Amino acid sequence: MIKKLSTFAIGIAIALGITMSGKIDQASASAFKLDGEPKVAMIYFSEVNDGGWTQALYEARERMEAELGMEITWVEKVPEVASQFINAAERLIRRGHNVIIGGAFGHSDAIKTMSEKHPNVAFLNPAGTTNGPNLNGFYGRTYESQYLCGIAAGGLTKTNKIGFVAANPFGLVNWTVNAYLLGARQVNPDVTLNVVYTGSWNDPVKERSAAQALVEQGIDVIGQHVDTPTPQVVAQENGIFGTGHHRDMREFADQATQCSSIWVWDRYLAPTIKSIAAGTWNPSERPYGDFVHISSGGTDISCCGDKIPADVAAKIESERQALLNGKHVFEGPIYDQEGNIRVKAGETPGDGDLWGMDYLIQGVIGQLN
Amino acid sequence: MEFLTNWLAFMPVFAAPLVLAALGLIINERAGILNLGAEGIMLCGALIGIISYIELGESSALGFIFGSLAGVILGFVFGFLVVVLRTNQVVTGITFVILGSGLTGLMGIPWVNKAVSGITPIYIPHLTDIPIIGRFLFGQDILVYVTIIFVVFVWLFLYRTRTGLELRAVGENPQAADANGINVEAYRLLAATIGGAFIGLSGAYLALAMAKIFVLDMTQGRGWIAIALVIFARWMPWRAIIGGALFGGIEALIPRLKATGVPIPQYYLEMAPYLATLAVLIYAALRLRSGQDAPKALGIPYVREDRK
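Here the protein sequences line up with chains A and B, keeping their order. Here our numbering is used: the first residue of the first sequence is 6, the next is one more, and so on. Here our numbering is used: the first residue of the second sequence is 399, the next is one more, and so on.
Hints are not guaranteed to be accurate.
Capping the alpha-carbon separation at 30 Å, the derived lysine-lysine pairs in DSSO-like fashion look like this [to be verified]:
{"#": "1", "chain 1": "A", "residue 1": "332", "chain 2": "A", "residue 2": "320"}
{"#": "2", "chain 1": "A", "residue 1": "122", "chain 2": "A", "residue 2": "320"}
{"#": "3", "chain 1": "A", "residue 1": "82", "chain 2": "B", "residue 2": "694"}
{"#": "4", "chain 1": "A", "residue 1": "166", "chain 2": "A", "residue 2": "44"}
{"#": "5", "chain 1": "A", "residue 1": "332", "chain 2": "A", "residue 2": "166"}
{"#": "6", "chain 1": "A", "residue 1": "82", "chain 2": "A", "residue 2": "320"}
{"#": "7", "chain 1": "A", "residue 1": "166", "chain 2": "B", "residue 2": "694"}
{"#": "8", "chain 1": "A", "residue 1": "117", "chain 2": "A", "residue 2": "44"}
{"#": "9", "chain 1": "A", "residue 1": "312", "chain 2": "B", "residue 2": "512"}
It is worth saying that the hints were derived from the structure and are not from the lab. As the structure is a prediction and not an experimental result, all values here were calculated from the model.
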């Protein structure tokens, strides 16, 4: 009898919970309201000196502390495992943090769970794919910054062959490869691009062999969208040039690296935190997350090394200005490797088309799988 | 032509760490110890290799020596646990994988992403310039040649010395070995320690020759590949070279094919070494009546008073 009663009670509780959460959903059409002053914490998935993704978030934290005049707590090496992330986030919330910033794509599901459990806390997640009334995933339009690096590569190459070491073949990597070549063509219409996908984000052995194999193909500039600086180091060893990703990779290859696509998350996060504090932040308006243009922070370039000719550097600057003014990198006509038209003349792809980009453009030598 | 030259030139670099780790595992397993912790020991070897290289005046030799010393220590601890305390070998091995990842994650952070020049290939005038096979045969780094010497040495040790025979006896039938006055525990502890040295050296090679950089969890499953390689080699040192050439050859081939843009079924190619290992297992099961030619006492702790 007691068992039955308790089942019944749980049933009612669940039903109540559902109706209650329904009410919250309706209420959330308006902006998110924070209780009290924002107290921000960042949860990184790897070590803060990883030389790439996490270090860029960490450096953004330092600049934000100065800009916002507040202390931002951080935790490193919280792996992309739900239980670990939830433990870390719970502890931070218990200590009074009400703005939690995740660290990676792999935190997406756990941060969604947390955002439902704590409707009064604001959640943000870089490269996150989940969203809600108090949660926004965000990512930078890396095709814009890599397009600018591509211009540098096009201006640097003597052999008209450039190379690219890429991680895994899906949308957000494919668009950097394609944009890189589009950029290179701005200053060098004859250039071709050889790409090697390593199938791994963080395997220096594979990255070294990929970069080495590209050098053997006669390329003389190496671009990259992988996590370690290995391709830049290989470029330096071979006396050729490279362009980095995540951060300014001159730190690792001061001679070779001439331009880097970098993350400037503070330019996006600082205004976001301000709007959370002001009560104007409304993630419900962005059900697919924040896909940040170079004009609102996210990505930018660190340019130019002394080997980039002055006219090319000027072109990079003018194209950067054009992007800031709303130019779209993938303006048609764009043809894929087989010669099929993918973006018609005068059109630009929507964000959905970008995320789903499953082709390489004409002039790319290499394959997705 | 140039493609073939380059591919052959890089094949040994990819084969060497796999062969080294497999050699260590063969010594382990011939004495009856199943060490699944290779991945973790390799990671520690990689980190200690990089640390000693950077801190001790950029000497690859010291990097390799201290990398294998790290393997010696971990191998000895593993041996002590499974031989003296008789812990479960599979569980202990997997614990060592996690331990290696955790230890290097804790201590390795200051050394992450520090590019090193590491070890460089030798150059012999004329010989290295021979088309196609010049760099393959005469343009490798020292450790590739040392690896081949090690293979010969381990084979001689296991099959041409009394100590080697006794070590194999311990792995096949520890009861009989014990009855013959062989100290089973001492042999197994020794095998675990020497095996650890090879695995640690393999990790140091990974960091100082292949990647020339250390990042966390950089072994990326290569310790497990070495374990598969032992099965492929059916516990014979010289067959590990064939396996290493196959596994390493494919790893050196894939990026080169991709860079040329030749449409290749890359995922099938990446599968090939594992399919080959499976084929060897099936071959062994069908051809050899006993099913396997693994050491009979592999993975079984020896307790003197136990009844069989």
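Hint by hint, here is what the structure shows:
no.	hint	verdict
1	A:332 with A:320	14 Å, holds
2	A:122 with A:320	49 Å, violated
3	A:82 with B:694	43 Å, violated
4	A:166 with A:44	50 Å, violated
5	A:332 with A:166	26 Å, holds
6	A:82 with A:320	40 Å, violated
7	A:166 with B:694	57 Å, violated
8	A:117 with A:44	19 Å, holds
9	A:312 with B:512	24 Å, holds
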